[in-house]
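Dock chain H against the given chain Z, drawing on the hints supplied.
Taken in sequence, the protein lines are chains Z and H. Each residue of the first sequence is one higher than the one before, counting from 1 in the numbering used here. Each residue of the second sequence is one higher than the one before, counting from 1 in the numbering used here.
Simulated from the structure, these hints should not be mistaken for lab results. All C-beta atoms in this analysis are idealised placements derived from N, C-alpha and C, irrespective of residue type, glycine included. Hints may be right or wrong, so weigh each one.
Cut-off 27 Å, straight-line C-alpha distance, at most; resulting in silico cross-link-like pairs (DSSO-like, lysine-lysine) [to be verified]:
| # | chain 1 | residue 1 | chain 2 | residue 2 |
| --- | --- | --- | --- | --- |
| 1 | H | K5 | Z | K189 |
| 2 | Z | K292 | Z | K28 |
| 3 | Z | K150 | H | K16 |
To give a feel for the contact side, a few chain Z residues facing chain H, derived at Cβ under 10 Å [stated by the list, open to error]:
| # | residue |
| --- | --- |
| 4 | T43 |
| 5 | W44 |
| 6 | P143 |
| 7 | V144 |
| 8 | D185 |
| 9 | G187 |
| 10 | H193 |
| 11 | D221 |
| 12 | E238 |
| 13 | T242 |
| 14 | N245 |
| 15 | E247 |
If we take Cβ atoms under 7 Å as the criterion, some of the chain Z residues that face chain H in the derived model are [unchecked claim]:
| # | residue |
| --- | --- |
| 16 | Y146 |
| 17 | G147 |
| 18 | P149 |
| 19 | I235 |
| 20 | Y239 |
| 21 | K241 |
| 22 | E243 |
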Amino acid sequence: MTTKYNNVYINATGTVTGPYEANGPFSKFYDKSYNDFYFGMPTWEQAESKLIMDSVDVVLSKMGKTRFDIDLYISGDLLNQTVASNYAASNLKIPFMGIYNACATSVEGLTIAANFIDAKQIDDAIVSVSSHNNGAEKQFRYPVEYGGPKRKTTTFTTTGGASAYLSREKSPIKVDSTTIGIVTDLGIKDVYHMGAVMAPAAASTIYNHLVDTGRTIDYYDLVLTGDLGIYGKSILKEYMKTEYNIELNKYDDAASMIFNIDDEPVYAGGSGPACLPLIAYSYIFDMMKNKKYKRVLLVATGALMSQTMVNQKLTIPSIAHAISLEVVE
Amino acid sequence: MEKRKYKEIVDKHTPKENRLYNSLIAFVTGGLMGVLGQGLVDLYSYWFHISTKDASVFMIVTLIFFGCLFTCFGWFDKIVNFAKCGFIVPITGFAHSMMSAALEYRKEGLVTGIGANMLKIAGSVIIFGVVSAYFFGLIRLLIMG
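With the rest of the complex left out, here is chain Z:
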């Protein structure tokens, strides 16, 4: 389902990262980086909550607003019951919606906010997502200090918080349309190969977006998927070609960009809800403001996995949501 918007803009963004992202190729584009995993908090879960609050603070100070000016706050993360977002919202005291679509949460949030704003039900909103490497490892995989060998297709959860401020007030980055994806499942059970799980969801959402808008893939200067990783990226390219006969040329994947893959123990690249917005809100938006890209399609991909269902030998469903952004004069 694709929705077109007349008057929704992303006015400001805030990106806060952990140490591995700060060593990555786009370090100078982030608003703030920490060089440890605690940020002065006692646990990783509370640290993740701090990432969100920090990114909201950055956005508020960029806009010159206080939290009392904001109509709606939407946030999501990977932790059980999305606690990082809940505790951040508990401090912010802005009317709050907690959302979850795994790593597709960022675009899901932007979609909800854009709809409220375009319908003039609210004036502005802040949308946040976060992920924390150690928090996610603890919840989904093995203890962080456990050194069991990992497969090459494993992804490394990004540590970061990213927030965006949306309103009807004009700014260079306009939200053109959003496409809500359908849940796809092509029978992959491998939790260490998330790229393979999510590639069909990304392909179906990109295809549906193009059909709904009547555009071709060349309309976009860049199609950026969230966290397929280096192997998922090539799977998507081939799948897109065979299934939909679409050639992805001006295409990249945030997970493949965010780390120095050759120097860090990150295997197939990044993952996590924060992966796409960390790259998009910083580097990509910068390129858009400099007119290097005029039309960008962000496709956030999420593996809707749970360890319980994986243990029950079920396949992993996945989802992708797309948001089309345009530069306006």
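Here is chain H on its own, set in the frame of chain Z:
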């Protein structure tokens, strides 16, 4: 697209793990661990004038102690990640898995955190170790009387 056809695409773009190389690393590091263990047994029986059987217990305690200590220092995971089964199969792997889980949950209380989660990885090893020990003991009793 059919699931089977999609799997072909996935397999085509999935890198092969270097099994031979990994086995070789595990073989060498595991062998070195064995040499270290034997060295400790010899050393303890020489120093303390105790039997090899008693010295083996000392050796195991030593390896567990250093496995746990190095895990706490935060760099044993990198060594285990390199050595793979060479360090995971010996008692060091068992100590490492328990210690890493204990560290992970230390902020969630002694009982609800450390106590409840310490055996997260090692628990299966203990359960199936005990069960198989029982059955093999039974078989031995039936055959050898």
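Quick rundown of the hints versus the structure:
1. K5/H <-> K189/Z: 15 Å, holds
2. K292/Z <-> K28/Z: 18 Å, holds
3. K150/Z <-> K16/H: 13 Å, holds
4. T43: Since the shortest Cβ distance to chain H is 5 Å, the answer is holds.
5. W44: Status holds, d = 9 Å.
6. P143: Cβ of P143/Z sits 4 Å from chain H, so the hint holds.
7. V144: With Cβ-Cβ at 6 Å, under 10 Å, it holds.
8. D185: Interface hint status for D185/Z: holds (9 Å vs cutoff 10 Å).
9. G187: 4 Å, holds
10. H193: Interface hint status for H193/Z: holds (7 Å vs cutoff 10 Å).
11. D221: Nearest chain H Cβ about 26 Å off; hint violated.
12. E238: Result: holds, 5 Å to nearest chain H Cβ.
13. T242: Status holds, d = 7 Å.
14. N245: 12 Å, violated
15. E247: 15 Å, violated
16. Y146: Holds - the Cβ of Y146/Z comes within 7 Å of chain H, reaching about 4 Å at its closest.
17. G147: At about 3 Å, which falls below the 7 Å cut-off, the nearest Cβ of chain H leaves the hint on G147/Z intact, so it holds.
18. P149: This interface hint holds because 5 Å falls under the 7 Å limit.
19. I235: 5 Å, holds
20. Y239: Cβ of Y239/Z sits 6 Å from chain H, so the hint holds.
21. K241: 10 Å, violated
22. E243: 5 Å, holds
Taken one by one, the earlier hints fail for this structure at numbers 11, 14, 15 and 21, listed in ascending order.
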